[in-house]
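J.: Following the hints, position chains B, C and D against chain A.
Number of protein chains: 4
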Amino acid sequence: MERLPVAVLGATGMVGQKFIVLLENHPFFEVKELVASPRSAGQPFGKVCRWKQERPLSSEIGNMIVKSTEEELKSKILFSGLDSSVAGPVEEKFAHAGHLVISNSKNHRMDEDVPLIIPEINPDHLELIKKQPYTGAIITNSNCSTMFLAMTLAPLHRKFGVDAVNVTTMQAVSGAGYPGVASLDILGNIIPYIKDEEEKLETETQKILGTYTEKGVIPADIKISAQCHRVPVYDGHTETLSIKFSNVPSIEDVRNTLAEFRGLPQELKLPSAPDNPIVVLDEEDRPQPLRDVWTNRGMSLCVGRIRECPVFDVKMIILGHNTVRGAAGASILNAETLVKTGYYSTDFHNWIYSVLYSREDSLKR
Amino acid sequence: MERLPVAVLGATGMVGQKFIVLLENHPFFEVKELVASPRSAGQPFGKVCRWKQERPLSSEIGNMIVKSTEEELKSKILFSGLDSSVAGPVEEKFAHAGHLVISNSKNHRMDEDVPLIIPEINPDHLELIKKQPYTGAIITNSNCSTMFLAMTLAPLHRKFGVDAVNVTTMQAVSGAGYPGVASLDILGNIIPYIKDEEEKLETETQKILGTYTEKGVIPADIKISAQCHRVPVYDGHTETLSIKFSNVPSIEDVRNTLAEFRGLPQELKLPSAPDNPIVVLDEEDRPQPLRDVWTNRGMSLCVGRIRECPVFDVKMIILGHNTVRGAAGASILNAETLVKTGYYSTDFHNWIYSVLYSREDSLKR
Amino acid sequence: MERLPVAVLGATGMVGQKFIVLLENHPFFEVKELVASPRSAGQPFGKVCRWKQERPLSSEIGNMIVKSTEEELKSKILFSGLDSSVAGPVEEKFAHAGHLVISNSKNHRMDEDVPLIIPEINPDHLELIKKQPYTGAIITNSNCSTMFLAMTLAPLHRKFGVDAVNVTTMQAVSGAGYPGVASLDILGNIIPYIKDEEEKLETETQKILGTYTEKGVIPADIKISAQCHRVPVYDGHTETLSIKFSNVPSIEDVRNTLAEFRGLPQELKLPSAPDNPIVVLDEEDRPQPLRDVWTNRGMSLCVGRIRECPVFDVKMIILGHNTVRGAAGASILNAETLVKTGYYSTDFHNWIYSVLYSREDSLKR
Amino acid sequence: MERLPVAVLGATGMVGQKFIVLLENHPFFEVKELVASPRSAGQPFGKVCRWKQERPLSSEIGNMIVKSTEEELKSKILFSGLDSSVAGPVEEKFAHAGHLVISNSKNHRMDEDVPLIIPEINPDHLELIKKQPYTGAIITNSNCSTMFLAMTLAPLHRKFGVDAVNVTTMQAVSGAGYPGVASLDILGNIIPYIKDEEEKLETETQKILGTYTEKGVIPADIKISAQCHRVPVYDGHTETLSIKFSNVPSIEDVRNTLAEFRGLPQELKLPSAPDNPIVVLDEEDRPQPLRDVWTNRGMSLCVGRIRECPVFDVKMIILGHNTVRGAAGASILNAETLVKTGYYSTDFHNWIYSVLYSREDSLKR
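Protein chains in written order, with this note's numbering: chain A, 197 to 561; chain B, 197 to 561; chain C, 197 to 561; chain D, 197 to 561.
Bound-form chain A, shown alone:
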């Protein structure tokens, strides 16, 4: 299979950098264009980017000349890690110009005609694209902390019905970009506030777990209350959940439902898909960000301490890698899903058809 050329929008930012790292040697995609603000455009990437990744910048990428968001692009697929202050109109412009914008930015997530996708959970929501006014399309993934909550609730909700969940998050500083959180605010401290994060957790989760209909997605009727905190951890968002069910399962049922959960990416054996999207840890003091965040290359979330809740039915703790599965890795998995299910090699409506009405066929390719 020939690798498809792709562009990274917002390439100098933290999500953009993570796209570059995760797409290195990717079997489907090859980074051919790096796009940033007009201020950086025209210069070698290595010169304008404050590289903060754990592996060194390759000279190939470092020497690539940065393009401006105002230029036209050659790549059909664009990965967007644009800052939310500019993502809105820029992503629309490229979608109008026929590009497939795979976005990690928050701007269009809650738009009625934009699919907010976790491929293991709601690939059928991709059909929303038919409602978009673009010749291309915009496809989004959720906020990082939403990702882990929605992924955990999905299999439980389908099987037992989730009525309500109280969630408290302890989020890593890498989720705030760079320079992001000032060291004076977080060394030995907790910041009990992340702008708009609690709202995102509540509304995005309801959309992801919602039901697709001709008229759009009907949000899931799950009450969600979130309390979000920044903590002095580098990578990995931890969340405590207390869940109320319609049909109360046993602890063993919950454990097995989570551990056995698989979705479309596993079925399709997508390159970024972990064998099991949820890993259940049975030790009494796990998961821990420092020790478990890289489980399955950061693409699985870890769940631990599943036990009875004296107030609701079940409580547990979950952990995921916020910049991998919770951001750039999620976008890449979305793109892999689209490519493997056939969109990119046929026309748009055929693709919708192939994914949603005769998946058996598309899976054969």
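Calculated from the structure, these hints are not laboratory results. All C-beta atoms in this analysis are idealised placements derived from N, C-alpha and C, irrespective of residue type, glycine included. Certain hints may be false.
Think about it this way: if two alpha-carbon atoms lie no more than 27 Å apart in a straight line, the pair counts; the simulated DSS-like pairs of lysine-lysine are [as the list claims (entries may be wrong)]: (1) C:K248 <-> A:K391; (2) B:K228 <-> B:K270; (3) D:K411 <-> D:K355; (4) C:K440 <-> D:K391; (5) C:K243 <-> A:K391; (6) A:K440 <-> B:K440; (7) A:K465 <-> A:K419; (8) C:K243 <-> C:K270; (9) B:K440 <-> A:K419; (10) D:K419 <-> C:K440.
Computed Cβ-Cβ distance ranges for the label pairs, DEER-style [said to hold, decoys possible]: (11) D:I447 <-> A:K243: 21 to 27 Å; (12) A:S280 <-> C:G238: 55 to 61 Å; (13) C:D392 <-> A:K391: 32 to 38 Å; (14) D:M306 <-> C:R503: 51 to 57 Å; (15) B:Q239 <-> C:R251: 52 to 58 Å.
T.: Structure of chains B, C and D alone, referenced to chain A:
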């Protein structure tokens, strides 16, 4: 007023050290005896203690010869910061010998005849002492994280009735004693497990908020579900609460009820009592351990982000100083309450009488 | 004594905030004007300042309307914590307008006619003011890490002659202002580079320890080599020194010389002066920033582990509070020195006279 | 090549665990025996070991029954990560019993007949084994911080002659084992003391850089002065060096000499050998532990900021992975050197011969 001689049990431990710091220049008490394990006994305190406090050890205390828990003591009042592995029988022995043991240890907290006291909330529980088989008595304060939860719930429960509360804690390393948490386990990490902590939060809070009767304390009928974590913070336990009420108050009602809360220590103007035991912060990103833990010398807890909860009725975040208000300072406030209400200057039964049946009289002293 | 009205330039910055904290209830000075960039001017201080201090902002200061650096000021004495990007011309402007600018900014420190003062060491350098072209004057204190190095070397240099010193620093994040160091750069990390810091340590120390002459200050002939690092510590700069002497003293000599060191501020009993500017700690594992940085309210530096050096003669470790003694507190001590020695209550030349030629007289006031 | 069975002594400790991690899938060695104190013996490793590594414990290792240090062992090669409180006699016992003890423990490092080896630098010191009274042998690697200092100095010393070096270290907490450093001592703090560390840096470096003679190793005549600190960093020891040379090289000479340095392990293409043992970084703010410690899988050290020193000749900063290249990885590289140079496949004296007198022959194998 002449200062009463007191002893500190478990003086070399972290709670013992904090007793020494907080009792320096105390108007009621003077540390005259330092008690530790037989291993340390007979040696100068400064030699056997690994002093970890922010102010230097005074030479007077440093030169004091440590006594063994097996010796007899002269002080009537004993502050106990004994390790739970030994506190049980040692505290009983001293209570039998006529001492008033003011304990921060967990061993006797849930005993039916032992009062578990927060003086602002349940000083009437002191009457439990009458049931004790000792010539002296044992009086305890709660676990640190319980302290802040119970203090917050108490005024709300009385006014509006609390049915249930989900609580997630982020607890400082100083709560684990010394050497306590290994740096390899907590630098940049979260440990989602503290042995027995969740159970303590649930049962101790119910006892503190319970009702005193002739037959003992009837625990409050509040459902509590706790999830406890150790985080890389030095001092200060943060807790998120989501509360369900019988009679749902407005956010303003909750705010004012907490901010206006006062109790017996404030009435008695006890030396360690803060003017207001609960300080409400209105900034959107407070309280923070690094900035707010020393509010009113660490004796007040801070509450912030009081807002509506989509699942229950009200959510908020609370913060308290775990080794001051949550441990040694709590014991000292208990002792101040006893002294000021008259116990120590009359005989035991007279004291019970004076405290509980004619407090007006005792308050005049 | 009536308190003199003062202004704080750069009041919203970290050094400016520390000026406000340290000047609260100061016996000599009263903050009457807060000055910041035109952007903040005209608004209440509490609204434009991101307050990051450990004690809450008083309502009096919080309600004060911020003035612009472009306005005229009423206060005679100005404390400058201006950012170095603007301090140069602004400080000159105010000095020309007759103000006494007590500056913590680096811009004019190395000017030939500007005294770089540590009052314990080189108050005679104040005479440089006579060379200034201003109707007022500019007086500076050193860079934070320089302060601790120069203070340690001064008494040793006078007594034994210091030929050379190798110094490695481990500097706290609060020294970088706010937002300053990004948490992604420093959590669990060391940054082995602080712009211009090594040069400042080398040149400023030579000037402070230099000799005043009619023609200016002749820098001390001490070879200094510095290696500077940012470490994940909140407050407190630690420095290791390895010193080569002209006349090699015994370890005991070094220890006593440092411990017994006193200067003009001690003689004058200035309000901010510590009893002993250098505190020698004899424990094998001290000083430590977390435990020792507040020694004498952050105005003393601590020295420990004084021992023989196999390469040079003596090695040791020093620690000081970078935002107190190393910045705002240093400026305030400079101002106290000026006031107490008589400048402010007489005319300018009389003051020079009184300080330098008949200090006995001025000390009587 | 068939894998040789090996045992890990002190397998439950931090160094022991790292041996297990690094020996997984090793081309030469296969862990067949895990040895610990009699207390742990007889039980499955997974039950008695508090596993603290970044990758999960394999079930094969986890199920292995731990042997006691008092038992006889089958493996010829023993990797020792024994605690220094027991390593001395235990290692001797096994050496007498014919085992080749490759030790990371400090106990025998400075023994006259024990080689202290960095294979890139002094493989000829292996000949010391001939003086040992054992049927087997003891071979040691240095202390972690010594490793990086000696490796940096070696090529410079050979080429330009090093007279003296001042070194200040900032050492990670993982160097102190588990539980090791208490979090209360290191969160936001620096501990300016590591027991015996400064002495080790000084004496071990002199031995490693020393000259082998018939009568033993003559220590290198380099004056070394070390100041050692523990800092809140997880992995990676940082050291600042200020070096005085006999023949002062240019900065470029120093840079190239370090970057081009290669030794026997590179020549032999040993499995654990990095292509270049020293990686020179040219950015002004590198190396940083968080970003550079895993360079070449933690087997290379990084050097940065090579520049002129106003006091000596050249200063620089170095960084190495303390538990990989500085401990377990160093031992493994020592063992690989022995095996590849022929010891293990011939008799002892033949091996000595083959290594030292006809290396060309041995290299051909």
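J.: Against each hint, give a clear statement of whether it holds in the structure.
T.: Verification of the supplied hints:
Straight-line distance between C-alpha atoms of K248 of chain C and K391 of chain A comes to about 19 Å, which keeps the hinted pair within the 27 Å bound. Our distance criterion of 27 Å between C-alpha atoms is met by K228 of chain B and K270 of chain B, whose separation comes to about 9 Å. At most 27 Å may separate the alpha-carbon atoms for a hinted pair to count; K411 of chain D and K355 of chain D meet this at roughly 25 Å. Among the hinted pairs, K440 of chain C with K391 of chain D is consistent with the structure: their alpha-carbon atoms are about 25 Å apart, no more than 27 Å.
Taking the CA atoms of K243 of chain C and K391 of chain A, the gap is near 19 Å; set against the 27 Å cutoff, the hint holds. Between the alpha carbons of K440 of chain A and K440 of chain B the distance comes to roughly 14 Å, so the proposed pair stays at or under 27 Å and holds. For the proposed pair K465 of chain A and K419 of chain A, the alpha carbon gap of about 33 Å is over 27 Å, so the pair is violated. Taking the CA atoms of K243 of chain C and K270 of chain C, the gap is about 23 Å. The hint holds against a cut of 27 Å.
Proposed proximity of K440 of chain B and K419 of chain A is supported: the alpha carbons are some 14 Å apart, at most 27 Å. Annotation: proposed proximity of K419 of chain D to K440 of chain C holds, straight-line Cα distance about 14 Å (limit 27 Å). Look at I447 of chain D against K243 of chain A: about 24 Å separates their beta carbons, and that is inside 21 to 27 Å. The beta-carbon spacing between S280 of chain A and G238 of chain C, approximately 31 Å, falls outside the hinted interval of 55 to 61 Å.
Here the CB-CB span from D392 of chain C to K391 of chain A is close to 35 Å, well matched to the stated 32 to 38 Å. Under the hint 51 to 57 Å, the C-beta atoms of M306 of chain D and R503 of chain C, about 21 Å apart, miss the expected range. Remark: the range hint 52 to 58 Å for Q239 of chain B to R251 of chain C is contradicted by a beta-carbon distance near 40 Å.
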